[in-house]
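Trainee: Sequence:
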Amino acid sequence: MKTLSIDVRPAEPQDARSISEAHRQSWQNAYAGLIPHKALTKMIERRGETWWRKATRGPATVLVVEVAGTIAGYATVGLNRARALPQEGEIYEIYLRPEYQGIGLGHMLFGEARRLLKSLGCSGMVVWCLEDSGGASQFFRSNGGVDAVEGIEDFDEVRLKKLGFIWK
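Throughout the sequence shown, residue numbering follows this note's numbering, covering 89 to 256 in sequence.
Treat the hints with caution; some may be incorrect.
[Said to hold, decoys possible] Within a straight-line C-alpha distance of at most 25 Å, the following computed BS3-like cross-link-like pairs (lysine-lysine) qualify:
| hint | residue 1 | residue 2 |
| --- | --- | --- |
| 1 | Lys130 | Lys256 |
| 2 | Lys206 | Lys256 |
| 3 | Lys249 | Lys126 |
Hints were generated in silico from the structure; no laboratory data involved.
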């Protein structure tokens, strides 16, 4: 009998290619038809392997969820960038490749990201998502988030509303 290994761990520079591919697949799946095609393509192309290699050494922490040696998704976490909010931590991103969604890996990765922020002494946390991204909104609500703040994100002259989910 084979045992399937699932691990959430800090990303390493050698993970950059796999993270880049997870980023491309997850963003195309999450944002096609929501963010204008040209803007989405530029955003994805900007974050290739070199970008992710640098990110693993940067001020934010990149976590990966690895399933049987394959990086299924990632999260980036750090200090809250919205200074007007009292929450000290922020999950900047949390994404899974489409084929790994819906089986609990997102909840596992989210839980580890929250634990990391708490271990760094962060009081409270915020996560932003586009309002029209129903799957993301539902995910954050199911993890106890309250959509308490709003903002606007611009994509090639298209303005989209975003929601800030908070945890105390």
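Trainee: With reference to the structure, classify each hint as holding or not holding.
Mentor: Structure-based check of each hint:
For the hint pairing lysine 130 with lysine 256, the CA-to-CA distance comes to about 35 Å; that exceeds 25 Å, so the pair is violated. Only pairs whose Cα atoms come within 25 Å are accepted, and lysine 206 paired with lysine 256 is accepted, the gap being roughly 11 Å. Restraint check for lysine 249 and lysine 126: satisfied, since their Cα atoms lie roughly 19 Å apart, inside the 25 Å limit.
The structure does not agree with numbered hint 1 stated previously, though it agrees with all others.
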